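Colleague: Here are the chains, one letter per residue:
Protein chains: 2
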Amino acid sequence: MMLVKLGGSVITDKMNYRTLREDVLFRLAGELARSEESVILVHGAGSFGHVIAARHQLQNGYNDPSQLMAAAQVMEDVRTLNLAVTSALNRSGLPAVSLPPSALVELREGRLDRLELGVFRRYLDLGMVPVTFGDVALDSRRGLGICSGDQLMESLAREFAPRRIIFCSDVDGVFTDDPVVHPEARMLEAVDRETLSSLPRSQRCADVTGSIFGKIETMLRIAAHGGDSMVINGLAPGRLAAALKGEKVPGTRVVV
Amino acid sequence: MMLVKLGGSVITDKMNYRTLREDVLFRLAGELARSEESVILVHGAGSFGHVIAARHQLQNGYNDPSQLMAAAQVMEDVRTLNLAVTSALNRSGLPAVSLPPSALVELREGRLDRLELGVFRRYLDLGMVPVTFGDVALDSRRGLGICSGDQLMESLAREFAPRRIIFCSDVDGVFTDDPVVHPEARMLEAVDRETLSSLPRSQRCADVTGSIFGKIETMLRIAAHGGDSMVINGLAPGRLAAALKGEKVPGTRVVV
Numbered sequence: 001m002m003l004v005k006l007g008g009s010v011i012t013d014k015m016n017y018r019t020l021r022e023d024v025l026f027r028l029a030g031e032l033a034r035s036e037e038s039v040i041l042v043h044g045a046g047s048f049g050h051v052i053a054a055r056h057q058l059q060n061g062y063n064d065p066s067q068l069m070a071a072a073q074v075m076e077d078v079r080t081l082n083l084a085v086t087s088a089l090n091r092s093g094l095p096a097v098s099l100p101p102s103a104l105v106e107l108r109e110g111r112l113d114r115l116e117l118g119v120f121r122r123y124l125d126l127g128m129v130p131v132t133f134g135d136v137a138l139d140s141r142r143g144l145g146i147c148s149g150d151q152l153m154e155s156l157a158r159e160f161a162p163r164r165i166i167f168c169s170d171v172d173g174v175f176t177d178d179p180v181v182h183p184e185a186r187m188l189e190a191v192d193r194e195t196l197s198s199l200p201r202s203q204r205c206a207d208v209t210g211s212i213f214g215k216i217e218t219m220l221r222i223a224a225h226g227g228d229s230m231v232i233n234g235l236a237p238g239r240l241a242a243a244l245k246g247e248k249v250p251g252t253r254v255v256v
Numbered sequence: 257m258m259l260v261k262l263g264g265s266v267i268t269d270k271m272n273y274r275t276l277r278e279d280v281l282f283r284l285a286g287e288l289a290r291s292e293e294s295v296i297l298v299h300g301a302g303s304f305g306h307v308i309a310a311r312h313q314l315q316n317g318y319n320d321p322s323q324l325m326a327a328a329q330v331m332e333d334v335r336t337l338n339l340a341v342t343s344a345l346n347r348s349g350l351p352a353v354s355l356p357p358s359a360l361v362e363l364r365e366g367r368l369d370r371l372e373l374g375v376f377r378r379y380l381d382l383g384m385v386p387v388t389f390g391d392v393a394l395d396s397r398r399g400l401g402i403c404s405g406d407q408l409m410e411s412l413a414r415e416f417a418p419r420r421i422i423f424c425s426d427v428d429g430v431f432t433d434d435p436v437v438h439p440e441a442r443m444l445e446a447v448d449r450e451t452l453s454s455l456p457r458s459q460r461c462a463d464v465t466g467s468i469f470g471k472i473e474t475m476l477r478i479a480a481h482g483g484d485s486m487v488i489n490g491l492a493p494g495r496l497a498a499a500l501k502g503e504k505v506p507g508t509r510v511v512v
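For the protein sequence lines, the chains are Y and B, in the order given. Quick note: the first sequence, position 1, residue 1 per the numbering used here, numbers continuous. Here the numbering used here = 1-based position in the second sequence + 256.
Calculated from the structure, these hints are not laboratory results. Since the structure is predicted, the reported quantities are computational estimates derived from the model, not experimental observations.
For the chain Y half of the interface with chain B, some residues (derived, Cβ under 7 Å), not all of them:
no.: 1; residue: 72
no.: 2; residue: 79
no.: 3; residue: 86
no.: 4; residue: 87
no.: 5; residue: 90
no.: 6; residue: 95
no.: 7; residue: 96
no.: 8; residue: 97
no.: 9; residue: 102
no.: 10; residue: 103
no.: 11; residue: 104
no.: 12; residue: 122
no.: 13; residue: 128
no.: 14; residue: 138
no.: 15; residue: 143
Here are some chain Y residues pointing at chain B (derived, C-beta under 10 Å):
no.: 16; residue: 65
no.: 17; residue: 69
no.: 18; residue: 75
no.: 19; residue: 89
no.: 20; residue: 94
no.: 21; residue: 99
no.: 22; residue: 129
Positions of the beta carbon are idealized from the N, C-alpha and C atoms, including for glycine.
Please construct the entire structure, taking both the sequences and the accompanying hints into account.
Modeller: Here you go:
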């Protein structure tokens, strides 16, 4: 089984509220379909989630009734994105089933405490493609919170021990520094705990689910549960298809 | 707490595939918002679900891999409708949370065997409006099946013992015969087990979830768990708002 994450920065324009990259999404759906692999797909929320979630501090829990409309709006927005994702998979011939964290996850102080994994397994066994995503979810201590795509990846990797774990980003891999701001930044062939600690601290974009460092930390934890794990560029045509086949592609291996 | 069902024939044009009655939906969302009552909302699938579900016999379970794409398409279509419903509630100031049966229901030979009710209660306690709907769901014996809005109504009524249960139909209430085909048909003030058995057998529209008789049978079972139960015309402006307040409106009471 393969576990694939489509980052919010790949399938959405993160700088513009509710803006889908429809051509990218449809191409990636086609690459998944051609692989003929059994897949669970996780996608980020990108510009469909982070703007309003951050403005109303949903990642810190429910404190004020005014947050309820914000939570409902974030849920509506990420479902709009998720519907586009499942629709692209269906049009590519992959039967998708949406499994939303708001219905299946319990957080505890922002950490993923419980994910109802049985339904993922059952749809996978039927031959469908379970699709889950960054979403608002219940929190046993804080009422509500944000469940990120990476938290879902970790829980799913632990349960399913995937043969390959592929993170699709909007850059070629993990760089020594932000390659947009620092053109001299070098892409790393591999990251492990040691390389991580040597990287400079920077952040490209406000994101309620944490910086790239948190993401790499999480990737290292996720990679511990599966086979090959790597970060590739989802904006470069063909790389996801090649990575699914186990071919060598530009990217950063995540090494435990 | 109020339990409200928006029939598929009210919020969609049942004769035309994937056709929303957006004006009706938005008006009904406004009537729900003005009531300021705690509500769980169930909606049918109408023309977003029945056409493809019937063509591929999804109500009889999973027998053939060709049904997987149909199941995925029905899920996509009913989510398109559900997103319109939650969006209308949000725009009316009611914070909606979508709770899909595909993630939360287990059928057993087509009957609703288990619905994860805890999440409904928790979102309700937070002040949100849980919204669920006719959907494809897992079936422990048949792989997949169809979970109808009425099956959800029954399970939710049993759990929450609502003060009022309101079914919004596309006609004024329950008639002695189909009022479209038989203009002499008389609307019943109330239905109970006796009146039901005296009605002639007819059916207006192909529907994978059963005829109006099955629906009345189910309504009688549902009404047994709550307070006042009635069938009203959701196409007539103001009736849902009045019924939510307990005012007398044209319609058929369901009497246990």
